[in-house]
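From first to last, the protein sequence lines are chains A, B and C.
In terms of numbering that gives the first Met the number 0, the first sequence opens at residue 0 and continues consecutively.
In terms of numbering that gives the first Met the number 0, the second sequence opens at residue 0 and continues consecutively.
In terms of numbering that gives the first Met the number 0, the third sequence opens at residue 0 and continues consecutively.
In case anyone wonders, no lab produced these hints; they're calculated from the structure.
Predicted model, so just to flag it, every value in this text is computed and none were measured.
Worth double-checking, as some hints may not be accurate.
Listing some non-contacts, in silico: residues in chain A with all C-beta distances to chain C over 10 angstroms [unchecked claim]:
{"#": "1", "residue": "Asn63"}
{"#": "2", "residue": "Asn65"}
{"#": "3", "residue": "Gly67"}
{"#": "4", "residue": "Gly123"}
{"#": "5", "residue": "Pro138"}
{"#": "6", "residue": "Thr188"}
{"#": "7", "residue": "Val223"}
{"#": "8", "residue": "Asn349"}
What the simulated footprint calls covered on chain C by chain B, stretch by stretch (three residues with Cβ under 8 angstroms from a Cβ of chain B suffice, anywhere in the stretch; the number is not a length) [as the list claims (entries may be wrong)]:
{"#": "9", "segment": "48 to 57"}
{"#": "10", "segment": "102 to 115"}
{"#": "11", "segment": "167 to 177"}
{"#": "12", "segment": "221 to 228"}
Built from N, CA and C at the ideal position, the CB exists for glycine as well.
One-letter residues, chain by chain:
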Amino acid sequence: MIRDIFSRAAVCLLSALAVLILAAGGARAAEPIKIGSFLAVTGGASFLGDPEKKTLEMYVARVNANGGVIGRQIELVLYDSGTDAKKAASFVKRLINDDKVDIILGGTTTGETMAVVPLVEKAGIPFISFAGAGVIVQPVKKWVFKTPHTDGLAVQKIYEDIQAQGLSKVALFAGSGGFDKSCRANAHTLAGKYKIEIVADETHGKGDTDMTPQLTKIKNTGGVEAFLYCGFGADSVVAAKNYRQLGLTLPHYQSHGSASKRFVTGSGGAAEGIRLPAAALLVAGQLPDSHPQKTLALQFEADYRAKFNEPISTFGGHAYDGLMIAIGAIERAGSTDPEAVRAEIEKTANYIGVDGIYTMSPEDHLGLDTNSFVMVEIRNGDWQLLK
Amino acid sequence: MNRFMRLATPRYGGMLGLAAIIAVLPAFLPNSFYFDVVILVGLNAIVCIGLNLLVGYAGQISLGHAGFFGLGAYASAILTGNYGWPPVLALLAGAAGTGLLAFAVARPIMKLRGHYLAMGTLGLGIIISIVLTQEVDLTGGPDGMPVSGFSVLGWEPSGVLVWYWIVGGLLLLTVWLALNIVESPVGRALRAVHGSEAAAQTMGVDVVHYKVLVFVVSAVLASIAGSVFVHYIGFVTPSEAGFVHSIELITMVVLGGLASIYGAVVGAAILTTLPQLLTALHDYEMLGFGAIMMGVMIFMPKGLVPTVARLIRDRVR
Amino acid sequence: MFTEFLQFLLSGVTVGATYALVGVGFSIIYNASQVINFAQGEFVMLGGMMAWFLFERAGLPMPAAVPLAIAGTVLVGLALEKFAIEPARNASIVTLIIITIGASIFLRGGAQLVWGRDFHALPALSGDAPIDLSGVAVNPQSLWVMGCTVVVVILLHWFFSRTMTGRAMRAVAFNMLAAQLAGVNNRLILMFSFGLSAALGALAGVLIAPITLTYPDVGIMLGLKGFCAAILGGLGYPYGAIVGGLIVGISEAMTAGYVSSAYKDAVAFVIILMTLFFMPNGLFGRRGIERV
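Please work from the sequences and hints to get the whole structure.
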């Protein structure tokens, strides 16, 4: 008897669910251009995903106010992946099959991006990722592009600076996230090219509250000439603080993952003297007037500050560039035909963006080189452009 | 009782109902996104049925079941991807390996009680997920690794409809297995354990033996679901084995109803679709999710299916 | 060599002390209600976030911001008990665990909404300049963490052995029914234990925010480690939780320093599994009676 009721209840609930699902999937007009996006608005990478979301929403509204693209309005369909690759994959299926978007922008972290690459490749939809690691576009995948500088570029830029100072023995410290590990791997493989020797190599866990044990080991390693940290977010602040606490004074390099004002204010005085590669956006005001990115960078900074009243990070820039590259391609293609748009994205040339000047090709789906970085040093709680 | 009569009993009636739903549901799913959600519901349900045998029927807590799911997932990913094994063999090897590990740790773990057991299983799950995250060369580290499609003797399932039938079939198989375990002498012993361990022991039931058995069965089911899951999704990350996923699984079980096989299915269905529905809340998504979790458990501490069943029963009387 | 060891030890004790404070919270609530409160880590987050908000945004001086942040967290703790735990008093262990996990998600979602998702820094109570003790660099904030933990232990000892409420709490932990028959108001004790745990969590949050920063998700790992501390020491034995926290913290630091930082987190859990395999009730726990 009871089991009978169980099964009846199960039937009721499941059919109710089916109705619910049906009700949720109403038809929508196909008039506007649909841009789909999935970002890590919550979860571990929220400090990246949040400015990306704000940037996308702000500029989509602005483009629409100015009459849209090829005479059509843009509809932004945005989901929060919660920094979870499984959710990202699920939302991308929804974007492709249910929302039927014309192009997909987003994927805040490398993990989320790589999880959806097979899906967009199969569906044949142009996809521009906002995630860092080089694996996304190396090897080249037909439908996949990205806007942020890769960790490899950052390491090259840092090694150039270390070499220029006549240093060679580097102590490496990295977190355990995807970006961190990729950066660490690049630091190892690129070392030889710049005649750099890694003399210490330590890692820490995500969200660690104390890293002095690892840093003490580095401190007690003989002959270290420079210190390189691979990581981002709260972890990089803890690393900087502990580094200062142990009284280490070697030249301290971090990646562009720390290129946010939060890092500087979060570290208090501990960030002073740290050098890192960053997008020109960060030091827009200090750029020479001849710098091609200066006008755009100043404009973007002013817009973002006016709208959200918070200091700029370079992460919103990834979203800005992604959106503008997509819009440019749609305009040139004159339609939202996936193959045409994809081909036009690939032909992006000399697009002056926030992150750098992009020139893509069938062999290069990023289109940036080390020139898109400037080296900055943190002085008096602010960024100082290094010449 | 002949075969036909047995089908008519309530025990298998529920299964018939579930089979009917699985058979007609495709007609109501407008596009492959909805199929995708339903397939994920099915896979979660398989894990939850196993977990419910452990939690609901044997009265043991596990806060680490995603660890077993992750082991199956990575066994399939690594064996097919790095070593070129056929997917079916990799799935079986993963299930066998997970079963062995579960068997090895089951005795000391099942000796723990209450919250100590919660801690023990939680620790086991976290250790598994840390290993999967740290062994970068083998697992691709925190970014995970891509997984090739499934294939049986050269035949490859393609399209969501095929996957839908595969997962639907597996789900029915799991329900059938669970029903048999629940109604077997072993199952009765299990319920005795939940009632009172001391009493069961006095009755001559080898309590530890049954607990170990159920622990292994639930681990193997989780491993198989994990294997199928990664072949379907085509990608795997260590978060599949993580603490958050473990919590999701146990929440599905408790929400649907402890000691109720169909409750596990309903719980999986609700918690898998809820995040998709809650996207409408935008910034309030987490707030809403937490509130729903608390609300359901406060007002229906026994879970949805048993509570609803009781309501219906009271009405019938 | 020895200074290196001391540096690791210092790191371990600092981190361990925060685990201990969180762990004691677990134990106190467990004693009063047999509930494991998985939102304990969120008390830590709330303490840190509120203190940051009151100090940095509302412009209050630190001596006002800190007590207010703790008081605010206590209110949240009391509300949690009143609206989520009390109505479900008779539910099973797993159901109660799910309720507190739901509460932790709810609190994280709320914190994101109110204070944003970014990380925030609370300034250290007495500056960032490290103190050099014969080669060992000591962060002044570490001294605050350790000092406050010692004070908390002393106060708790006094509270549990000398005050009426404290003794009533111990009586409830020992035998709920007998305590009730002796005239102890169980519901009041339950309320009080949630308030006290929230206060301890918030204190830990305020103390470590300058070291670790504070953000909506900061409580997840701290809550788990605090749970480890409480279990390792033996549930319902607050002093055990202190020892447990220190063991977890120190073994983490030593592993990171001498073995491999990659498996640092795993080592804590391996120690706990091993301990539980041989001592199923933790290091100091009495043989408990399971609530069936």
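To see whether the hints hold, each was checked on the structure:
1. Asn63(A), annotated as away from the interface, keeps every beta carbon of chain C farther than 10 angstroms; the closest lies near 26 angstroms.
2. Look at Asn65(A): its CB is around 30 angstroms from the nearest CB on chain C, clear of 10 angstroms, so calling it non-interface holds up.
3. Every CB of chain C is more than 10 angstroms from the CB of Gly67(A) (nearest about 30 angstroms), matching its label as outside the interface.
4. For Gly123(A), the requirement that its beta carbon stay farther than 10 angstroms from each beta carbon of chain C is met, with the minimum near 34 angstroms.
5. The Cβ of Pro138(A) sits about 28 angstroms from the closest Cβ of chain C, beyond the 10 angstroms cut-off, so the non-interface label holds.
6. Taking the minimum C-beta to C-beta distance to chain C, about 19 angstroms, the non-interface status of Thr188(A) holds against the 10 angstroms cut.
7. With a least CB separation of 15 angstroms from chain C, Val223(A) remains clear of the 10 angstroms interface cut-off, as annotated.
8. Taking the minimum C-beta to C-beta distance to chain C, about 34 angstroms, the non-interface status of Asn349(A) holds against the 10 angstroms cut.
9. Using a Cβ-Cβ cut-off of 8 angstroms, 0 residues of the segment 48 to 57 of chain C lie near chain B, which falls short of the minimum of three, so the contact claim is violated.
10. Residues of the segment 102 to 115 of chain C with a Cβ under 8 angstroms from some Cβ of chain B number 10, which satisfies the need for three, so the listed coverage holds.
11. By the rule of at least three residues with a Cβ nearer than 8 angstroms to a Cβ of chain B, the coverage given for the segment 167 to 177 of chain C is violated, with 0 such residues.
12. For the segment 221 to 228 of chain C, the assignment as covered by chain B holds, since 3 residues bring a beta-carbon within under 8 angstroms of that chain's beta-carbons and 3 suffice.
Of the hints listed earlier, those the structure fails to meet are numbers 9 and 11, in rising order.
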